[in-house]
Structures are given as C-alpha cells and as structure tokens.
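All chains should be modelled from the sequences, with the hints used to inform the complete structure.
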Amino acid sequence: MALAMNERPTRRKIVLSVTSDLVSDYRVHRTALTLQQKCGMEVVVVGRKLRTSPPLSPRPYAVCRLSLPAEKGFLFYAGYNIVLFLYLMFNRFDLLWANDLDTLPANYLAAKLKRKKLIVDYHELFTGVPELTGRDKVRRIWQWFERSMLPAADVFFTVNQSIAAYYQKLYGLKAEVLRNVPYRPGEVPEVVLPWLGGDKKVIIYQGVVNVGRGLEKVIRAMSYLENAVFVIVGDGDVMDSVVALVKELKVEERVFFTGRVPFETLPSYLKKAHLGISLEEKMGESYFYALPNKLFAYIQAELPVLVSDFPEMKAIVEGYDIGRTTLENDPQRLAGLLDGMLRDVNEYERWKRNLKKAARELCWENEEQKLIDRMQGLVAKDWP
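Under the numbering used here, the first residue of the sequence shown is numbered -17, with each subsequent residue one higher.
Heads up, none of these hints are tricks.
Per label pair, the in silico range of CB-to-CB distance:
#	residue 1	residue 2	range
1	Y206	P176	17 to 25 Å
2	T34	S205	25 to 33 Å
3	V173	K334	18 to 26 Å
4	A134	A44	20 to 28 Å
Since the hints were made in silico from the structure, they are not lab data.
Just so you know, even glycine gets a beta-carbon here, dropped at the ideal spot from N, CA and C.
Here you go:
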C-alpha cells in the first residue's frame, strides 16, 4: 500500500560515504550490515571507483561508486566532495554517516541544508597521517575543515581511546569508541598459494602499502632469514619502491606480493601464516595512536603478532599476551627477533592459547552492540 503524502517511510535511510573503492573496506561493510540487519535501516554506501577497481562482490545493501577524473591529491578530494554533495542533495536520506575527515565537507553541508542528523566515524587521526608531513599548508586546510565542521556531528565515533582523548582535549568533543574488529570467521576456504611448500614459516602483512608501514625494514630483515618467507597482502602508494627494494636486495624468493585481496577471502591467506606484523613507524600522531584493523584480523586468525611499541597496539598485545612489541629498525636484529618468535615453541604455543580468548572477546559480534544501542537511541529520540 502506498504511503500517504505526509506519512514517513518506516525504515530510516542512512547514507554512508567513504573515499575507498569498497573492495577491501571491511569496517564500512560491517557498519553497513549492522545498520541494515540489526538497526532496521535502509543503507546506501557511497564510495569511489578507480580505473583499476575490480568488481564488487554482491552486497546486501545498496552501493554507489563514484567515478572521478582525478584519483588522488587536491583535485580528487575536491571532486569527490562536490559530486558527493550533489548526490546527497538529489537523493532522500534521514541520516548521514561520514567516514573520516575527507568525506566530512559534503556530508556537513548536505546535513545542514536538509536539517538531518550527521554521524562522523574517524578510522584514524587524519590530520596526523604521514602523507601530510612537511605539507603544512595542506594540513592547515584539513584542520580548518575539521575545526569548522566536526563539532556539528550528532554522533562522533572513533577507533580507540587515545584518539577519543585527543579530540576531547582539542575541541572538547566526546568521541565514542567503536573498535575496528572483524567478525568471527566461519569456515575458511582453502586457497592454493605459490609461496607455500617445504618447512618455511610465513610472516604476513595485510593492509595498505603506504609510507611508514615498516615494510622496508622487514624486507631488509629477510636477507638474514633463511627459513621464512614474507607475504605482503595489499597495494598502495609505495608499492613500486617496495618491489624495487626486493629486487635490489635479491630476496625475490623470500618476499611475495598478492596485491589487494577482498576482505571475504582474506582469512584464507591469514590461515596459512605463522606470524602477523604491524610495524608502523612513528611518522605523525596518526600512526603513533593507531589500533589497526590488521591487528584484529590477525587475532581472529589466531596468529601471533609482532607490532610497534605504540600505546594502543601495546595494550592489546601485552594485555592478552599474544606476541611481542618492538621499535627495532636494524635489519639483522629484527631478523633475530622474528626468528626467535618462530623458533621458541613454548612461547609460540602460549601465544596461540591466549589468542583463543582474545579472538572470542575482540570481535564485531561483541563490538557492534555499542553501535546498535547508540543508533537506536538516536533514532528513537527523533522518530519515537
């Protein structure tokens, strides 16, 4: 039966926007699923489509990927926000969800003009990313957007307590922590991987291949590790230089690249590994306060970890006793640390046992209840 002219639709429509191409953006996918399946909302996710973007797997929510002439830099961010703003102005919605600062301008203006609720979700401390190091003018522009627009958010989520405390101190804003944890894995399908074979251990990195991720020092360490291989699952801005380093050091038989892998198949890769790494370098506040999704993906795969000795990662790794932390940069000493972690059977088995508890607790099935409670309260307040 058709709705009367003055009657509201029963399902609230929420538009989530992000500057990724959605292929491997697991946080946005989880958020969309919870909002649709547990909060009863009609969900649309807006991302972008790169020239190299593969097709998306079927999603149970609506998806719109914007194609833009520019794919990075000022022209991309400006173009994305202009096109997103036009999309929002010509489409109906009840709530907007801005993922990170780079989608906030369009969401802020559309929410203000249409008098709708705005939710902001920061996955990182955007103004502290390494890509803005030495680019003070660009950083100040982003800080102006943030200072002008973030306080207008009706709900502000971020991924850990350190970032929440940062914004409490900076703007007096209360951010609610919604950690970037994955679902518990179901049955993991087998995959044939070319680097497997023999008795070599697999050290794995999954995530964006960008500056400051610590990949170069692990690659250099592989020159000293004869009984292990290093697998990089992902792609990014410094991929060409990382591949060149592998060739320069002649470690092509010890370092392998998979390219980007959809989040649906990532557990199959992690299942084959023995050690996960997240060795971000201290290049700005964003990395120092990071609590990367890759750490939680390793935990769900029950994979012992070596991570940077930074506050948020250290609290998880030492709190659950599931690996080690380090700030080591010397390739030979780092190789010794990795080798020791893989060879010490008693310590490794202890980490594996502890990972079972960590995986049970640090999963989206538990974390999503915070989102459900918050959104139900927000919706009930305006649409009783």
